[in-house]
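> Letter by letter, the chains look like this.
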Amino acid sequence: MLGLSIKNVSKIWNADGLNPVPAVSNLTLDVAPGEFVVLLGPSGCGKSSLLYIVAGLEKATSGSASFDGIEITEPSPDRGLIFQEASLYPWLSVRDNVTFGLKIAGHTPVKRAEAAERLLKLVGLANSGDKRPHELSGGMRQRAALARALAMRPRVLLMDEPFAALDIQTRARMQQHLLDIWESSKASILLVTHSIDEALALADRIVVFTSRPGRIKAEITLDMPRPRDLRSPEMIDFARRCEALLAEEVEKAFKEQELA
Amino acid sequence: MTDGTVETRQDGVGRNMQQKPRNPGALMRMAEPLLWSLASLALFVGAWEFAWWRGWANPLLLPPPHIFLANLPDQFRFFDPSGARAGALGEGGSIWSVLGVIGWTALRVTTGLILGFVLSLATGLAIRYFRIFGKLSLPLVTMLAPISPVAWIPVAVFVFGIGNPPAIFLVFIAIYFVMTLATLSLIDNVPRNYIQLAQIMGCSKRQIYRHVILPAILPALFVTLRMNLFGAWMVVLIAEAVGVGSGLGQVTMMARNTFNASLVFFTMTLIGITGFLFDQALRLIQRKVLWWVGPGNAGGL
Numbered sequence: 001m002l003g004l005s006i007k008n009v010s011k012i013w014n015a016d017g018l019n020p021v022p023a024v025s026n027l028t029l030d031v032a033p034g035e036f037v038v039l040l041g042p043s044g045c046g047k048s049s050l051l052y053i054v055a056g057l058e059k060a061t062s063g064s065a066s067f068d069g070i071e072i073t074e075p076s077p078d079r080g081l082i083f084q085e086a087s088l089y090p091w092l093s094v095r096d097n098v099t100f101g102l103k104i105a106g107h108t109p110v111k112r113a114e115a116a117e118r119l120l121k122l123v124g125l126a127n128s129g130d131k132r133p134h135e136l137s138g139g140m141r142q143r144a145a146l147a148r149a150l151a152m153r154p155r156v157l158l159m160d161e162p163f164a165a166l167d168i169q170t171r172a173r174m175q176q177h178l179l180d181i182w183e184s185s186k187a188s189i190l191l192v193t194h195s196i197d198e199a200l201a202l203a204d205r206i207v208v209f210t211s212r213p214g215r216i217k218a219e220i221t222l223d224m225p226r227p228r229d230l231r232s233p234e235m236i237d238f239a240r241r242c243e244a245l246l247a248e249e250v251e252k253a254f255k256e257q258e259l260a
Numbered sequence: 001m002t003d004g005t006v007e008t009r010q011d012g013v014g015r016n017m018q019q020k021p022r023n024p025g026a027l028m029r030m031a032e033p034l035l036w037s038l039a040s041l042a043l044f045v046g047a048w049e050f051a052w053w054r055g056w057a058n059p060l061l062l063p064p065p066h067i068f069l070a071n072l073p074d075q076f077r078f079f080d081p082s083g084a085r086a087g088a089l090g091e092g093g094s095i096w097s098v099l100g101v102i103g104w105t106a107l108r109v110t111t112g113l114i115l116g117f118v119l120s121l122a123t124g125l126a127i128r129y130f131r132i133f134g135k136l137s138l139p140l141v142t143m144l145a146p147i148s149p150v151a152w153i154p155v156a157v158f159v160f161g162i163g164n165p166p167a168i169f170l171v172f173i174a175i176y177f178v179m180t181l182a183t184l185s186l187i188d189n190v191p192r193n194y195i196q197l198a199q200i201m202g203c204s205k206r207q208i209y210r211h212v213i214l215p216a217i218l219p220a221l222f223v224t225l226r227m228n229l230f231g232a233w234m235v236v237l238i239a240e241a242v243g244v245g246s247g248l249g250q251v252t253m254m255a256r257n258t259f260n261a262s263l264v265f266f267t268m269t270l271i272g273i274t275g276f277l278f279d280q281a282l283r284l285i286q287r288k289v290l291w292w293v294g295p296g297n298a299g300g301l
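Each protein sequence line maps, in turn, to chains A and B. At position 92 of the first sequence the residue is numbered 92 (the working numbering), and the sequence of numbers has no breaks. At position 108 of the second sequence the residue is numbered 108 (the working numbering), and the sequence of numbers has no breaks.
In isolation and in its complexed conformation, chain A is listed as follows (with noise of 0.2 Å):
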């Protein structure tokens, strides 16, 4: 079948070790090509051990993760992935961070130039090729990572908290830009979140997980048109829904951390 599918993959950290740490328990997710899907959940409930799987830099304990019916065993450009933190290389201007990957798959520099114009307009940051990463915003090195993985033409987008670390209105933006993005590049996109609203505004569908071990306490989905109004009654009850599934979990996760 077509897309992402994780079929009841568990993660145990340290598992050899004394003191083995349960992430994912026996999970089973499946993305179809072109869908959003937020992973949501408290912090520390193996979300991002999920991404990592599915990214192919880690291992699942047990189960198996595979992306059009093949299996995943190695990182590929074809699952691009956004950290927390952008991560350009410090050392390479902004337009060399973008076509990195194509450098590395053996593109002409011509070709490379031609892709980093095309990349950097569509994230908008057209003017800022020759910065080094440290002269940009938090903002635009985030949009500068979300064009260095769109540079491979990924199938499936892995983003890992990646506005956690912006502030407010500049979150906002980058949502809304994210979204444009997503409907001109037909890829699918998997995102790890703990807040509601960044969820509610962007998903399909939103997969709320249960504190640690993570599995899938439910699954809303979410068929309005975007941008879609946060205030708006509708959207009000699915946040209400939300952060009562939310809250459950933090609860949950409190007791065991008192317990222990």
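Simulated from the structure, these hints should not be mistaken for lab results. Hints may be right or wrong, so weigh each one.
Here are the simulated SDA-like pairs of lysine to any residue, each with C-alpha atoms no more than 25 Å apart in a straight line [what the hints assert, rightly or not]: (1) Lys103/A - Thr110/B; (2) Lys205/B - Thr108/A; (3) Lys59/A - Val190/B; (4) Lys103/A - Ser64/A; (5) Lys131/A - Lys205/B.
Fit chain B to the supplied structure of chain A, relying on the hints for placement.
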């Protein structure tokens, strides 16, 4: 901080270095460190001269600067770039011979530093890249690292005889092991994100080392080199006194043997100034060539 164009970054790194500050404020900012250096030096010289004036410092044993800098041609006589035997007056006598002697010493330091930097970087990368090589050689490097370069002097003389090679070898030894260990620690501290992103974009192991790890560690490794520069200077002087027979170290040793306190302090002055200029030169290279600063790097240095 209102002066300067919008484009100019305050710390003046990167390509903006080419934009020379044109207004008085920027000029003052550039001159300020120099003024502090001069004030620092003046304070020291002043205290020394004061001690001499009050009769606390015996001018025969601790001649103050105005004495050992008084008769420069007299001091110049002892500098012979061709390397005269200790105690003898060679062909020296002009400012050129003094510069020649400094030049030889500087050349030995530079060669040793370059060799040490390149080879320690290569060793460090190889230890992490080739697992078995790493396991075999890391214990050895760690065991050799604490041995003082002074202990290597006999080895250097046995193997290389008298001349430039033992001095260069000792400078090399003084930084090689420390810098190899520094390289390893820097490689281990390259942010995981950097490497994971490279993997996602399809880098092979070799490409990760070439395109990510190497540029990520170079600036901090260069800072380590600068920190070890003074150690290298100390070692080259010892090596010259013992195993070369020319250079600033040899002049110092000759001054000691002939009880020429003025010459001792004059040579020490030259060594101090040259070392200072070396550090400045390395700073300049660092700023121009290795301007980027990653997380965890000692960016302030």
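> Give a verdict on every hint.
Right, here's what the structure says about each hint:
1. For the hint pairing Lys103/A with Thr110/B, the CA-to-CA distance comes to about 36 Å; that exceeds 25 Å, so the pair is violated.
2. Distance restraint check for Lys205/B and Thr108/A: the Cα-Cα separation of roughly 22 Å lies within the 25 Å cut-off, and the hinted pair is therefore satisfied.
3. Proposed proximity of Lys59/A and Val190/B is supported: the alpha carbons are some 22 Å apart, at most 25 Å.
4. For a cut-off of 25 Å, the pair hint linking Lys103/A to Ser64/A is broken: about 31 Å separates their Cα positions.
5. Between the alpha carbons of Lys131/A and Lys205/B the distance comes to roughly 28 Å, so the proposed pair goes past 25 Å and is violated.
Of the hints listed earlier, those the structure fails to meet are numbers 1, 4 and 5, in rising order.
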